[in-house]
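Chain order of the listed sequences is A and B.
Note that my numbering has the first sequence beginning at 13, numbered continuously upward.
Note that my numbering has the second sequence beginning at 48, numbered continuously upward.
Some hints could be false.
Subject to a maximum C-alpha distance of 27 angstroms in a straight line, what follows is the list of computed DSSO-like cross-link-like pairs (lysine-lysine) [as the list claims (entries may be wrong)]: (1) 91(A) <-> 87(B); (2) 36(A) <-> 170(B); (3) 26(A) <-> 88(B); (4) 88(B) <-> 91(A); (5) 95(B) <-> 91(A); (6) 26(A) <-> 166(B); (7) 26(A) <-> 36(A); (8) 170(B) <-> 26(A); (9) 26(A) <-> 171(B); (10) 171(B) <-> 46(A); (11) 170(B) <-> 139(B); (12) 88(B) <-> 36(A); (13) 87(B) <-> 26(A); (14) 171(B) <-> 36(A); (15) 26(A) <-> 91(A); (16) 46(A) <-> 88(B).
Hints listed in this document are in silico derivations from the structure and should not be mistaken for laboratory results.
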Amino acid sequence: MSAEYDITEQLDVKGASCPMPVVKTKSAIDDLGKDEILEVIATDAGSMSDIDGWASGTDGVELVEQEEGDGVYRHYVRKTE
Amino acid sequence: MSTDTPDATAEDVPSRAELAARVEELEQSLAEATDEDDEKKMSIIATKGTLDMAYPPLILASTAAAFGYDVTVFHTFWGLDILHEERSKNLKLSSVGNPNMPVPNAVAAIPGMDRVTTKMMEKKIADNDTATIEELFETSLDMGVEFQACQMTIELMGYDEDDFYDGVTTGVGAATALQDMADADIQLLV
Numbered sequence: 013m014s015a016e017y018d019i020t021e022q023l024d025v026k027g028a029s030c031p032m033p034v035v036k037t038k039s040a041i042d043d044l045g046k047d048e049i050l051e052v053i054a055t056d057a058g059s060m061s062d063i064d065g066w067a068s069g070t071d072g073v074e075l076v077e078q079e080e081g082d083g084v085y086r087h088y089v090r091k092t093e
Numbered sequence: 048m049s050t051d052t053p054d055a056t057a058e059d060v061p062s063r064a065e066l067a068a069r070v071e072e073l074e075q076s077l078a079e080a081t082d083e084d085d086e087k088k089m090s091i092i093a094t095k096g097t098l099d100m101a102y103p104p105l106i107l108a109s110t111a112a113a114f115g116y117d118v119t120v121f122h123t124f125w126g127l128d129i130l131h132e133e134r135s136k137n138l139k140l141s142s143v144g145n146p147n148m149p150v151p152n153a154v155a156a157i158p159g160m161d162r163v164t165t166k167m168m169e170k171k172i173a174d175n176d177t178a179t180i181e182e183l184f185e186t187s188l189d190m191g192v193e194f195q196a197c198q199m200t201i202e203l204m205g206y207d208e209d210d211f212y213d214g215v216t217t218g219v220g221a222a223t224a225l226q227d228m229a230d231a232d233i234q235l236l237v
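Bound conformation, chain A alone (with noise of 0.2 angstroms):
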């Protein structure tokens, strides 16, 4: 876990195939406030692109970064308005 940035939010969608993990992401970032930051665990492997894609075309959110390992994929989202 990177330690740049506060992490406000954890949102564990492991096991679930898309569309849930950015369905939930977006649901999840709709509860946080600005400058915020969410934790999406997931093993889903085509989440990587999905939560990638689904940022850079929705205003109010930047992705922050995405890591890989063991099967997980962690993505940190930042609420920006």
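Chain A is already provided as a structure; the job is to place chain B on it using the hints.
This is chain B only, laid out in the frame that chain A set:
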């Protein structure tokens, strides 16, 4: 010696006030045009009611809602079954006419084979932790997706308006769907 360019006379030159008014007018239309672009819309027409074909409209609807799209799914013909409280729980996978199925068509046509292939598919869905149709429908509804049930086909299929899940809009027709499609950035027929 060209005569194309007429001499600019005092009357042809717009006044400062006229130019300012024109700039203001253009800025306003630009603002309006930009405002409209902010609201992204997607319109899907769902016509199929088999287990496999129920997925694409619901997956795309929930994903588009996550992207901030205003989504409408217009269900017609067998697509109505996805919104039907009882029938949506029994969507079947057809084993006939699909060369990717593990059984040849001659076997697939045997009575009861659809039930077998549907069970196989349902097991795969469960094993793979793929969301169920009901789960995707509920999630989409929570995210503000509008589900519409075509009135003409409700009657044609012998369904009742009360057969559908709460939150489904009935009493709509092709003109409503067409208007939605005309306003949408993305239009899909599934």
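Checked hints:
no., hint, result
1, 91(A) <-> 87(B), "holds, 20 angstroms"
2, 36(A) <-> 170(B), "holds, 24 angstroms"
3, 26(A) <-> 88(B), "violated, 30 angstroms"
4, 88(B) <-> 91(A), "holds, 22 angstroms"
5, 95(B) <-> 91(A), "violated, 38 angstroms"
6, 26(A) <-> 166(B), "holds, 25 angstroms"
7, 26(A) <-> 36(A), "holds, 12 angstroms"
8, 170(B) <-> 26(A), "holds, 19 angstroms"
9, 26(A) <-> 171(B), "holds, 17 angstroms"
10, 171(B) <-> 46(A), "violated, 40 angstroms"
11, 170(B) <-> 139(B), "holds, 13 angstroms"
12, 88(B) <-> 36(A), "holds, 20 angstroms"
13, 87(B) <-> 26(A), "violated, 30 angstroms"
14, 171(B) <-> 36(A), "holds, 22 angstroms"
15, 26(A) <-> 91(A), "holds, 22 angstroms"
16, 46(A) <-> 88(B), "holds, 25 angstroms"
The structure shown violates the earlier hints numbered 3, 5, 10, 13.
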